[in-house]
Amino acid sequence: MDEQFDKKLTSRISEVFENYEHPPADESWMKLREKFPAQQPRGIVAWMWWSSAAAILLVFFGVGLWLHKANGPDNALVVKPAVKTKPVTDTALQNGIIKHQSLAVNPPADPNSIAAKATGRTKHIGSGYPVVIKTPFAPLPVDAPVSYSSTRNNKAIVTANNNPVPVDNTNPRSLSDPAAGQMAKTAPVNGVTTPQVITNNAPVIANNQPVAPEKVNSFAVKPQPKSITQLLEDEKHQSAARSDIQSKKDDRKVSFGVYAATYFNYAEGSKNQVNAGAGFTSDIKLSKNLKLSTGLALAQNSFSYNNNPPPTNGVALVAAAPAIKQQSLFGTAAAVPQFRNYNASLVGLDIPVNIKYEFNPEKSSTYISAGLSSGTFIDEKYTYTYAYSNVDARANVISTETDNETARKSFNSFYFGKMLNVSFGVGVPVGKNNSLIFEPFLKYPLGGLGTQQINFGSGGINLKFNFKPSKK
Amino acid sequence: MHLLHRVTEDEIVSKCKTGSLKHQELLYKRFYGYAMGISARYSLNSDDAVEVVNDAFIKVFNNINTYNTDKPFRAWLRTIVVNTAIDRRRKELKFQANIDLDNAVAVGTNASAIENLNAQDILKLMKKLPEIQLTIFNMYEIDGYNHDEIGKILNLPASSSRVYLSRAKEKLRQLIATETQSHG
Chain Z
1 MDEQFDKKLT SRISEVFENY EHPPADESWM KLREKFPAQQ PRGIVAWMWW
51 SSAAAILLVF FGVGLWLHKA NGPDNALVVK PAVKTKPVTD TALQNGIIKH
101 QSLAVNPPAD PNSIAAKATG RTKHIGSGYP VVIKTPFAPL PVDAPVSYSS
151 TRNNKAIVTA NNNPVPVDNT NPRSLSDPAA GQMAKTAPVN GVTTPQVITN
201 NAPVIANNQP VAPEKVNSFA VKPQPKSITQ LLEDEKHQSA ARSDIQSKKD
251 DRKVSFGVYA ATYFNYAEGS KNQVNAGAGF TSDIKLSKNL KLSTGLALAQ
301 NSFSYNNNPP PTNGVALVAA APAIKQQSLF GTAAAVPQFR NYNASLVGLD
351 IPVNIKYEFN PEKSSTYISA GLSSGTFIDE KYTYTYAYSN VDARANVIST
401 ETDNETARKS FNSFYFGKML NVSFGVGVPV GKNNSLIFEP FLKYPLGGLG
451 TQQINFGSGG INLKFNFKPS KK
Chain F
473 MHLLHRVTED EIVSKCKTGS LKHQELLYKR FYGYAMGISA RYSLNSDDAV
523 EVVNDAFIKV FNNINTYNTD KPFRAWLRTI VVNTAIDRRR KELKFQANID
573 LDNAVAVGTN ASAIENLNAQ DILKLMKKLP EIQLTIFNMY EIDGYNHDEI
623 GKILNLPASS SRVYLSRAKE KLRQLIATET QSHG
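Protein chains in written order, with my numbering: chain Z, 1 to 472; chain F, 473 to 656.
Among these hints, one or two may not hold up.
Said to hold, decoys possible - No more than 20 Å apart at the CA atoms, straight line, and that leaves these computed lysine to aspartate or glutamate pairs for EDC-like:
(1) F:LYS501 - Z:GLU27
(2) Z:LYS7 - F:ASP615
(3) F:LYS501 - Z:GLU18
(4) Z:LYS35 - F:ASP520
(5) Z:LYS381 - Z:ASP26
Unchecked claim - Some chain F residues flagged as far from chain Z (calculated, every beta-carbon gap over 10 Å):
(6) LEU516
(7) ILE558
(8) GLY623
(9) ILE625
(10) ARG634
Just so you know, the hints here were simulated from the structure itself, not pulled from any lab data. Using N, Cα and C, we set each Cβ at its ideal position, and we do this for glycine too.
Pulled out of the complex, with its shape left as it was, chain F reads as follows (with noise of 0.2 Å):
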C-alpha cells in the first residue's frame, strides 16, 4: 500500500502565508477536527460548532501573517477558536449573566463514573448547562483561562466568574450523578 507522504505543519503555513489555496484546504482539513473538539464544548449543536470553526479559520487565514512560527499552531488556533465561540455567544452570555446566579443544588457524585465518559456524554451533560456556565467551566476548566481574564473577555467582575464555575461544577456533578443512577 502506497503511504501517503506527510507534510509538516511549518510547510502548511508557510505556504499559506504566500495564499496558496490548496495549503489553506490542507491546514483547515488538518485541524478540522482538533477545532471542533474546541468548539463543541463551547456551542449548543453541532451546526453552531462548524459556524465556530469556519469563523475561526476565516480569521487564521486572514492572519496567518502575523502567526510567531516559533510557537506551536495548535495553541493560536486554539486561542483564536475560544476567542469566536466567546464573540458569538456574548449577548446571551451577558443576559444570562444577570439571571443565574441563584441556581446552586448540591448533590453527591460518583467519581468513578467518569472514566466511562466519552465525547458524546459529555457534550451531552455540558449542553445541560447554562451558557454562561458552560462557558466558563470551558474557559478555566480546560482552556486554562483565569477569572480575571475571563472577566475581562465577557465583561463581568471575577468574583461572578468563580461563582457561576462554582455552580457548573455543582451542576455537572448533579447530572453525573443523576445518570449514573439512572443507568444502574
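Okay, chain Z solo, but in the shape it has when bound (with noise of 0.2 Å):
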C-alpha cells in the first residue's frame, strides 16, 4: 500500500513540476546580467578595438597617399634641378667646362618632356657650339611656363625684324632660336627680366675670348630667325605645357568634405519620417574619372508602424518584447493585449565605401557615386505600444488600457555592405579649391539592420563642402 502511495505521490510531483511555471523572469534576468555581465562589454571592446584600428588604418593610408603624392610630381616635373641650376647657368655662359659638367649632371630625365624637346632643338640649331646651348636648357621647361611674358615676344619681335643689325650686339640665339626663348623664360624664376639676360649674355660671350671665338661667329652666321607664325605656335605649345603642369601641380590624390543630409526613411509597413544627419568624407583619387570615396556619418532612423508591427524575421521582435509576453501569458484572465502601435528610433554610425565616377573632373564637379555602407548604431530605441481591453461582462463595458514597453540598445550590432548607396552629386566652384555639391542619395537595404532586422532605407539630398588642403 505504501508503495502504491510512494509512487502516486512521485508521480504527482513529477507531473506538477514538469508543467511549473514562474512569474515573470524580469527581475531574476537582471540579477543573472549582474552576475554575468561579461559578455556584453567584451563585445563592445572587441567592436571598439577592431574598428579603432580600421579607422587608424585609414587615416594613415590616405594621409601616406596624400604625402606620396605631394613628393611624386615634384620629381617626375624635374623642378628642383631647376633651381639648383640657376647660378650654373651664369657660370655656365662664362665657362664652357662646367656647362659640359652641368649637361651630365642633369640629363632630361623624361625623354617626351619640354626639357628633352627643348633640347633636342637645341643640338638643331645650335650644332657649332653645342655646349653652350644645351647646359642651360636642361633645367628649363619647369621655370618657362612661370616667366614666359610679352616682353620677350615683343623683344624677339623687333630683334627679328633687324636681323642682320643685332648678329654682333645681341645673342643671335636668343632670337632664332627656340632653346634661346627658353633660356630667356629663365630669367624672371631668377629676379631678372628677359631683355636684361640678353643683353647681359651678349657682352659675356663676347668678352669670353679664350672660350671659342669661332664658335661665337659661327652663330653669328647661322641665325634662323622664326617667324612671327612660329613663335606664336611656340608660345601656343609653352602655354599649352604650363597649363597642364598646373593642372599637375593641382591635382591632390585625396580631397575632403563635409555634408549635412535631410532624407526621408522608409520601411515596409512604416509611414515616411523625415530625418537628418551629418558626417565627412574623403575622396581618394584613383583615377582620372575614378575616385574611392569613404567617410563617417552619423544619421537619424526613426520609424513608425501602426496596427502592424514591422515584418521582421520574429526573432528580434519576440526578444524584444519578451515582457510583454509575459505580461499576456499572466495577465488577468479579462485582459488581452492588442497591438496598437511600433515605433523605431535608431542612430546610427554609417561608414560608407563608393566609388565615384567624375564626368569631367577638369570642368565641373559633376559625378555619380555607388557602393555598399557598413556600421553599427550607436542608440536603437524601440517602443511598442499594448492596449489591455478589459470586458466587465455584468456591467457590458468594455475599458481599454494601453501600456509602452520599450527596449534599448547601444552598439549591439555591427552590419557589414549591408546598405547600398546610389547618389549623383553636381557642384558648385566656391574659392580656388573648394566646391559646393548637392547630392541627391538613396540608400537601399540590402539585409535587416539594427537589432531587430529592419528592412529600411533612406532617400534625400546632401549639401556637401569639399575641399583640397592647400599644399606645402
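Two chains, each in its own frame: build the complex with the hints.
Here it is in C-alpha cells:
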C-alpha cells in the first residue's frame, strides 16, 4: 500500500513540476545580468578595438597617399634641378667646361618632357657650339611657363625684324633658337627680366675670348630667325605645357568634404519619416575619372508602424518584447493585449565605401557614385504600444488601457556592406580649391539592420562642402 | 490581435552559440519556469531557487557550444540545474548525512489526498524534509538518478542513499496524513 502511495506521490510531483510556471523572469534576468555581464562589454570592447584599428589604418592610408602624391610629381617634373642649375647657368655662360658637367649631371628625365624637346632643338640649331646651347636648357622646362612674358615676345619680334644688325650686339640665339627663348624664360624666376638676360649674356660671350671665338662667329653665321607665326605657335605649346603642369600641381590625391543630409526613411509598413544626419568624406583619386570615397556619417533613422509591426524575421521582435509576452501569459483573464503601435528610433554610425565617377573632373564636379555601407548603431530605441481590453460582462463595459514597452540597445550589432548607396552630385565651385555639392542620394537595404533586423532605406539630399587641403 | 512570432528552440540555441545577448535573454525567459520547477524542489526558499537557476544558466551560456543539439535542450538544462542545486548544498548535505539516519516514523497514509496537491502544497511538504532526504528523494524519484549515481554525486554509500530515500518517503506520508487530518 505504501508503494502504491509512493508511486502516486512521485507521479503527482513530476506532473506538477513538469508544467511548473513561475512569475515573470525579468527581475531574475536582471540579477543574472549582474552576475554575468562579461560577454556584452567584451563584445563592445572588441568592436571598439577593431573599429579603432580600422580608422587608424584608414587615416594612415589616406595621409600616406597624400604625402606620396605631394612628393611624387615634383621629382617627375624636374623642379629641383631648375633651381639648383640657376647659378650654373650664369657660370655656364662664362665657362664652357662647367657647362659640360652641368649637362651630364642633369640629363632630361623624360624624353618626352619639355626639357628633352628643348634640348633636341638646341642640338639642331646650335650645332656649332653645343656646350653653350645645351647646358642651360636642361632645367628650363619647369621655369619656362612661370616667367613667359610678352616683353620677351616683343623683344624677339623687334629683333627679328632687324635680323642682320643685332648679330654682333645681341646673342642671335635669343632670336632664332627656341632654346634661347627657353633661356630667356628662366630670367623672371631668377629675378631678372628677359631683355636683361639677353643683353647681359651678349657681353659675357663677347668678353669670353679664350673660350671659342670661332664658335661665337658660327652663331653669327647661322642665325635662323623664326617667323611671328612660329613664335606664336611656340608660345601656344608653352602655354599648353604650362597649363598641363599647373593642373598636375593642383591635382591632389585626396580631397575632403563635410556634409549635412536631409532625407526620408522608408521601410515596409512604416510611415515615411523625415530625418537628418551629418558626416565627413574623403575622396582618394584612383584614376582620372574615378575616386574612392569613404568617410563617416552620423544619421538618425526613425520608423512608425501603426497596427502592424515591422515584417522582421520574428526572432528580433520576440526577443525585444519578452515582457509583453509574459504579461499576456500571466495577466488577468480579462486583459487581452492587443498590438497598437511600434516605433523605432536608431542613431547610426555609417561608414560608406563608394566608387565615384566624375564626368569631367577638370571642368566640373558632376559625378555619380555607388557603393556599400557598413556601420553600427549608437543608440537603438524600440517602443511597443499595447492596449489591454478589460471586459466587464456584468456592466457590459469594455475599458481599454494602453501600455508602452521600450527596449534600448547600444552598439549591439555591426552590419557589414548591408546598405547599397547610389548618388548623383552636382558641384558649384567656391573659391580656388573648394566646391559646394548638391547630392541627391538613395540608400537601399540589402538586409535587416539593427537589433531587430529592420529592412529600411533612405532617400534625400546631401549638401556637401568639398575642399582640397593646401599644398606646402 | 497580433500573434507574436514564435522562435524555435534550435534557432535560439544556435544564436546563443554565437554569443547573442538577446537570444540568451530569450532562452532564459523561455526556460526560466521549467528551471525554477526543478530548482524549487531542491531549494529551501525562492531566493535560493532563483540563485540556483541563475548559476545554472551561467553554466549553460558558458558551455552552450558543448551542447549537442541532437538531444533535447530541456534534458541538458535539467541536468545542469540539478547538479547546480546539489553543488550548492553539498556541504550541508554531507553534514546532515551523519546525523539523520535514525529518524524514521511509521504513519498511516491517505492516497486520495495526493490528487489535490498543487505545486505550492508539494513544496511546502518537501521543505519539511531534512535536506539530505529532500535531495535524494528528488534525485531518485523525480529526476531519475539511481542510488549508485546518487552515492557518487553526494559522496556517500549507495546503501545510505536507499535509507535516506526510504526515510523521505515515510516522512512525506506522515506529513500528508497530518495535513489531511488537520483539513478535515
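Checklist entry - Are the Cα atoms of Z:LYS381 and Z:ASP26 separated by 20 Å or less? => result 19 Å, holds
Checklist entry - In terms of Cβ atoms, is chain Z entirely out of 10 Å range of F:ARG634? => result 13 Å, holds
Item to check | Non-interface claim for F:ILE625 versus chain Z (Cβ beyond 10 Å) | outcome: 19 Å, holds
Item to check | Distance rule for F:ILE558, whose beta carbon must clear each one in chain Z by more than 10 Å | outcome: 16 Å, holds
Next on the checklist: Please verify that the nearest CB of chain Z lies beyond 10 Å from F:LEU516's CB.
Outcome noted: F:LEU516 is indeed farther than 10 Å from all Cβ atoms of chain Z, at 16 Å.
Item to check | Agreement of F:LYS501 and Z:GLU18 with the hint, judged by alpha carbon distance not exceeding 20 Å | outcome: 16 Å, holds
Checklist entry - Would F:GLY623 pass as off the interface with chain Z, using Cβ distances and a cut of 10 Å? => result 20 Å, holds
Item to check | Pair hint Z:LYS7 and F:ASP615, alpha-carbon separation not exceeding 20 Å | outcome: Holds, at about 14 Å.
Checklist entry - Does the structure keep F:LYS501 and Z:GLU27 at a Cα separation of 20 Å or less? => result Holds - the C-alpha atoms of Z:GLU27 and F:LYS501 are around 11 Å apart, at most 20 Å.
Next on the checklist: Would the hint linking Z:LYS35 and F:ASP520 be met if the CA-CA limit is 20 Å?
Outcome noted: The given pair, whose Cα atoms are some 15 Å apart, holds under the 20 Å limit.
The structure agrees with every numbered hint stated previously.
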